[in-house]
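Participant: Okay, here's what each chain looks like letter by letter:
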Amino acid sequence: MNRNRTFSYTIPYYLWLGLFVIAPVILLVIQSFGNLSGHFTLNNYATYFSSGTYLRMTFNSVFFAFIVTGITLLISYPMAYIMSRLKHAQFWLLLVILPTWVNLLLKAYAFIGLFSKTGTVNNFLTLIGVGPHQLMFTNLSFLIVAAYIEIPFMIMPIFNSLIELDKSYINAARDLGATSWQTLTKVIFPMSMGGVKAGIQAVFIPTLSLFMITRLIGGNRVITLGTAIEEHFLVTQNWGMGSTIGVILIVAMGLTMFLTRDRKKKGARHGK
Amino acid sequence: MKKIIWLTGIILTAVCVLFGINLAFQHAEDTDTSTKSSGNRTLTIYNWGDYIDPTLLKEFQKETGYKVDYETFDSNEAMYTKIKQGGTHYDLAVPSDYMIQKMKSANLLVPLDHSKLTGLANYDKQFMNQSFDPNNKYSIPYFWGTLGIVYNDKYVKPGEITTWHDLWQPKYKKNIMLIDSSRDIMGMALASSGQSVNTKSIPELAAAKGKLDTLMPNVKAIVADEIKTYMAQDEAAIAVDYSGDASEMIAENKHLHYIVPSGGGNLWFDNIVMPKTVTNKRAAYAFLNFMSEPKHAAQNAEYVGYATPNRQAVNLLPKSVKNDKAWYPPKSTLSQLEVYQDLGPTWVGNYNDYFLEFKMTNR
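Those protein sequences? They're chains U and R, same order as listed.
Read in order, the letters of the first sequence are residues 58 to 329 in this note's numbering.
Read in order, the letters of the second sequence are residues -7 to 355 in this note's numbering.
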């Protein structure tokens, strides 16, 4: 009886999963095997893996996603660490989350105002005498904006894992004679790995397909898979090819999840 | 648990209240405009954003008593999908040339009854009877324009650029912005070597792509609508863009100028059509006739800033506008330009693949 009841409670959940997660993915996979007239074909995949353009684009996307993830991690970890030790940690976290309330497009346009030829940054550079530089449409500006946008999504999980960390472990490490550097690398860092992995997952995949930023800030001189998907759905209306790239992104996501999965915890649970 | 139920309850109540307010607003709006509601008094127009003088809509409502529902789209393809999928009741829509051809072959258009159109004679003959719609069976022109070059006279001297090929000069290194559209940029490359912008020849397309690759050192960025902001802010010296965008940029930055390069290129049209979703034909014809009146067409052209195909309306425009060769090029230039044809999905795909490959070219 009780089991039946829990089962009936989970029905809406399964329905939700089926309708809004599994069904769209299945539709996407089916679509990816269709050509322009909707007939079954393997050509989309053949084109993808045989054309230098798409492979280079994939390489580009992964390359930039790695760099962006690396930059955000380098900035976020120390920041989350410091924040977690501050007095009003939740307040500082709020300040980090605040920018995510602002629409992505608005933030991108704000950066245009900062980086453009007559923008704030160039005005400042001219003032201190290092002359105006071309900032817009460079790899650097793309990396800065992408990293800026993704940083909150990296800080949040790391911060949470650091806050939850039991302080007695740190005290114990100190008592046993570990230096503060050893405590950091041998105790705190391994114990917050869960948060780091979650952060990487939350940053890497969206960065693979950041298409608005590549156009607005990168001026299409930085091309990612998102650019190709947008073009196939909106201009060429070759939904098959667009879906194929979508499926490949999903596979890439699966791979990242697999590579950054939590191995240790699972082992421990089995041990119990 | 109790808290969650409470929260859900609060959210649900908020949704209900907001929905109710929304309904009330809608109701108020309905009763506001359709005071003499006898039968179908609504006209639904599906047009590009900010592509009509709103005072004209008000005047039309006052003059005829119809209530105008004005909805907007931002790409031909989006409009096509929405009309094709049904569930909409647009009485009039404003697609571009090649899209009219595509909609026609998909049976999405209703032929126009020319006997009900009173203003046909006002239109310039050279903008009628185009290849995408012979004898204007399905459409009448709304605005037309060209693809050309915008330059900033702070960095480029007037007269320095007269043909597409001039863009390839090394002195414009990293100073050109291109509009992010495969047909237009591939078309520009084709036109620069004297080929048709509607070519269906792979060698010609491949050659055009090769030529574009050699332009890449000069290309600063390939952007969409933002190109207007960038040019107005002096970010680049030169842009390849449509005349319509150009007029908006020039309104913001007086240093900008627009030219139509000689020797081939694109001539585009946005025409009004009656999609098969039409429900109020009488109102639709009333609107077509209203917009054909020279006075209204001229007012609309001044507001939007594009070139009007209405010959009588052109005469009503200020001299500085109607004598400007950038907006109303002479016949000799116009005759060299081509209208885009609907090339079918396979060829659109080919144009796109080459364009994507060009975008991937390293600088």
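To be clear, the hints were calculated from the coordinates, so they are not data collected in a lab.
Please note: incorrect hints may appear among the correct ones.
Stated by the list, open to error - Calculated lysine-lysine pairs in the DSBU-like style (CA-CA distance at most 30 Å, straight line):
| id | chain 1 | residue 1 | chain 2 | residue 2 |
| --- | --- | --- | --- | --- |
| 1 | U | 164 | R | 220 |
| 2 | R | 203 | R | 323 |
| 3 | R | 166 | U | 164 |
| 4 | U | 174 | R | 323 |
| 5 | R | 149 | U | 174 |
| 6 | U | 174 | R | 220 |
| 7 | U | 174 | R | 166 |
| 8 | R | 59 | U | 174 |
| 9 | U | 164 | R | 54 |
| 10 | U | 144 | R | -5 |
| 11 | U | 174 | R | 163 |
What the hints assert, rightly or not - Computed Cβ-Cβ distance ranges for the label pairs, DEER-style:
| id | chain 1 | residue 1 | chain 2 | residue 2 | range |
| --- | --- | --- | --- | --- | --- |
| 12 | R | 294 | U | 127 | 17 to 25 Å |
| 13 | U | 152 | R | 0 | 45 to 53 Å |
| 14 | R | 3 | U | 221 | 26 to 34 Å |
Unchecked claim - Which stretches of chain U does chain R cover? Using the computed rule of at least three CB atoms under 8 Å from a CB of chain R, they are:
| id | segment |
| --- | --- |
| 15 | 134 to 147 |
| 16 | 169 to 176 |
| 17 | 186 to 196 |
| 18 | 277 to 284 |
Just so you know, even glycine gets a beta-carbon here, dropped at the ideal spot from N, CA and C.
Participant: Run every hint past the structure and note whether it holds.
Facilitator: Quick rundown of the hints versus the structure:
A threshold of 30 Å between alpha carbons decides the hint, and for residue 164 of chain U with residue 220 of chain R the separation of about 18 Å falls inside it, so the pair holds. Using a Cα cut-off of 30 Å, the hinted pair residue 203 of chain R and residue 323 of chain R holds, with the two alpha carbons roughly 29 Å apart. Distance check on the hinted pair: residue 166 of chain R and residue 164 of chain U sit about 25 Å apart at the alpha-carbon level, within 30 Å; holds. At roughly 39 Å between alpha-carbon atoms, residue 174 of chain U and residue 323 of chain R are farther apart than 30 Å, so this suggested pair is violated.
With a C-alpha separation of about 20 Å, the suggested pairing of residue 149 of chain R with residue 174 of chain U holds against the 30 Å cut-off. A C-alpha spacing of about 15 Å is found between residue 174 of chain U and residue 220 of chain R, which places the hinted pair at or below 30 Å, so the restraint holds. In summary, the hint linking residue 174 of chain U to residue 166 of chain R is supported, as the alpha carbons are separated by about 13 Å, within the 30 Å threshold. Under the criterion of a C-alpha separation no larger than 30 Å, the hint pairing residue 59 of chain R with residue 174 of chain U is inconsistent with the structure, at around 47 Å.
Straight-line distance between C-alpha atoms of residue 164 of chain U and residue 54 of chain R comes to about 42 Å, which puts the hinted pair past the 30 Å bound. As the CA atoms of residue 144 of chain U and residue -5 of chain R are separated by approximately 29 Å, the hinted pair is consistent with the 30 Å bound. Distance hint between residue 174 of chain U and residue 163 of chain R is fulfilled; the C-alpha atoms sit about 19 Å from each other, no more than 30 Å. Judged by the Cβ atoms, the range 17 to 25 Å given for residue 294 of chain R and residue 127 of chain U is violated: they are separated by roughly 54 Å.
Under the hint 45 to 53 Å, the C-beta atoms of residue 152 of chain U and residue 0 of chain R, about 29 Å apart, miss the expected range. The hinted range of 26 to 34 Å is satisfied by residue 3 of chain R and residue 221 of chain U, whose Cβ atoms lie roughly 28 Å apart. Remark: the segment 134 to 147 of chain U is not confirmed as covered by chain R, as 0 of its residues place a Cβ nearer than 8 Å to a Cβ of that chain, below the required three. Closer than 8 Å: that is the beta-carbon criterion, and the segment 169 to 176 of chain U has 4 residues meeting it against chain R, so the requirement of 3 holds.
Under the rule that three or more residues need a Cβ within less than 8 Å of chain R, the assignment of the segment 186 to 196 of chain U holds, with 3 such residues. Counting residues of the segment 277 to 284 of chain U whose beta carbon lies closer than 8 Å to any beta carbon of chain R gives 4, which meets the minimum of three for the stated coverage.
In summary, the numbered hints that this structure violates are 4, 8, 9, 12, 13 and 15.
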